[in-house]
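Chains as they are written, first to last, in my numbering: chain A, 262 to 612; chain B, 262 to 612.
In case anyone wonders, no lab produced these hints; they're calculated from the structure.
Keep in mind that the hints are not guaranteed to be accurate.
No copy labels: a pair is met if it fits in one copy or bridges any two.
Stated by the list, open to error - When the alpha-carbon atoms are kept at most 20 Å apart in a straight line, the in silico SDA-like pairs for lysine to any residue are as follows:
1. 298 to 552
2. 445 to 279
3. 444 to 270
4. 444 to 604
5. 469 to 563
2 protein chains.
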Amino acid sequence: MLPTIAWQGDSVLMIDQRKLPSVEVYVTCKTAAHVAKAIRAMVIRGAPAIGVAAAMGIALGMRRSRATGTKQFAAEFQKTCDLMAGTRPTAVNLFWAIDRMKRAFADAAQSGGSVGDIAARLDAEARRIHDEDVAGCRSMGAHGATLVPETANILTHCNAGALATAGYGTALGVIRAAVEQGKKIAVLADETRPFLQGARLTAWELVKDGIDTTVITDSMAGAMMRQGRVDLVVVGADRIAAKGDVDNKVGTYSVAVRAREHDIPFYVAAPMSTIDFNTPDGSRIPIEERHEREVTHMGGVRLTPGGARVRNPAFDVTPAKYVTAIITERGIARPPYEVSLSAHARDTGPA
Amino acid sequence: MLPTIAWQGDSVLMIDQRKLPSVEVYVTCKTAAHVAKAIRAMVIRGAPAIGVAAAMGIALGMRRSRATGTKQFAAEFQKTCDLMAGTRPTAVNLFWAIDRMKRAFADAAQSGGSVGDIAARLDAEARRIHDEDVAGCRSMGAHGATLVPETANILTHCNAGALATAGYGTALGVIRAAVEQGKKIAVLADETRPFLQGARLTAWELVKDGIDTTVITDSMAGAMMRQGRVDLVVVGADRIAAKGDVDNKVGTYSVAVRAREHDIPFYVAAPMSTIDFNTPDGSRIPIEERHEREVTHMGGVRLTPGGARVRNPAFDVTPAKYVTAIITERGIARPPYEVSLSAHARDTGPA
């Protein structure tokens, strides 16, 4: 598997997810601004991957700083953090990663470190965030695979895979772990309009791993469920409110409603960093509205007539009542999530 | 409004629905085989329009026949009917229209008509089917509009408009009639992957009529409903079983499940010719699986990776329990549909 994001000397490389699956090309980011631009343009996407990218972008920016004194360095750091925070509003992992970098900065500064010392500490923290993300996905996979029968047709929406994380994936990590355990898995991937993360990214990475994958248009999922072709659903998340409401790629709510109608388990796999204990419920989560061109055009071809309006909310909220369980790196949380998610958080201290 | 299908001398013209909205161009069919090919390739689509096109194609073929005796003419007629019947399996209007043409043929032959007389009778029957379709849509519109509040946000899926009929539309006929009555209507059009009938066709014809139209991707409809942005749903149908199960464009079932979850009325508008009293329930309706390229490619660009499988069922079945009412040219049928639809059929004899 090609890495989603990696250091190469003094640069951050990202596989360009806008161009997959037809072209496998890396974008080289030499500045923090370039990383921020790549996040905004969805060169890299997926809540955990956005967090990792932001941390690496901050580390990159501070490593390349020409500040001589810690005061100037601190000002630059704050500006770089603000730049990252302004890229995308919904995935809470972004703000979580920035907070981790801020704490690392404060620790290093407090212990009287030089500009070089602080930069090194930020660098180490970004690497830690990256490595923890991969380990967390492996752990989620192990926990989640216990929910998967020996033979299962699994529906997923969007891409919550290696490409949405530092590696292995959240929802697709669960699928990978089940496959590694020898379970007989077939995946139905919603194509996930408008950005087609399912058709382009999920199918690409699962086919590379030799996992049986069938792409359907988003609206076919209901018929597939009614025909008994879906045993369980597993998706990722961009933000989970304290009571368990799940904000994820637009269409996730539609999948959840149909899953419940057919008594199909609906699982969400996400790291603890996706759980926002400061947001009590889904109604408080900001939903990014992206450019209408993602809906109106494809491959340079205009799909809709001039004069028709377009909506393009990138996410929607699935209320907790539709969610059978939430899989984190610390185990499987069941309703009521106010209780179970808090218990996960206390388990080994705040994530 | 440009006509969907029309005679031009000895040819049948159809607006090429594969190329809308960017290009408004007509295909000229000079033979029955050409009409059949156009139906198969979805130059023209929509259950009522397919029926009208098949009738016109048969009339065209027989008008151009060089048969000198009625026996040879009858053999050619049978072959032409078979050709039309083989184009698409799901829309029952196709078979209904062919049956009407067969009855017209039999009537004319029985009264001792010449080849020329029978051809003229077939021509007249095709024109009658065309005209009745437009009148039926107007009638459906008048009945359906009584179900529409003074101010309403209406969601529709696929295209059940002028382009899916000989004119005015079934579901969009209801919307047009409500607008003509001065009601304040805003339409949400599901883009309707994979063929994008909503984004391309519904938006095109509604915008031409000055009706407020917003295109969304299919999976956004759930979030829109949850936010209270949908007051009612109205869709067309390709075949309705005797007990009221509705076969329509794939994704219709998904819309119906979400509408019920939100207590939003779900209406189906279709002419009596769409009701198949010989098919007791939805499980007996043949579902066409179309070429995977409709899903894997767009505008020549490949979306999915090689190695990923694809499903492309063109239709799905919405069980009667999700359908609030069925609007026909004879009025509004309510559950139980076994009773109400049969009553409509008896009203003025079989449609």
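Practice item. Up to 20 Å between alpha-carbons, please classify residue 298 paired with residue 552: within, between, both or neither. Key: within (15 Å within a copy, 38 Å between copies)
Point to revise | Intra/inter-copy verdict for residue 444 and residue 604 if alpha-carbon distance must be at most 20 Å | key: neither (30 Å within a copy, 53 Å between copies)
Review point. 20 Å Cα cut-off: does residue 445 pair with residue 279 within a copy, between copies, both or neither?
Key: Answer is neither; intra-copy 31 Å and inter-copy 40 Å both fail.
Check your understanding: Under a CA distance limit of 20 Å, which applies to residue 469 and residue 563: within one copy, between copies, both, or neither?
Key -> So residue 469 and residue 563 pass the 20 Å test across copies only (17 Å; inside, 31 Å).
Review point. Quick one: residue 444 to residue 270, C-alpha cut-off 20 Å, is that within a copy, between copies, both, or neither?
Key: Answer is neither; intra-copy 40 Å and inter-copy 64 Å both fail.
Of the hints listed earlier, those the structure fails to meet are numbers 2, 3, 4, in rising order.
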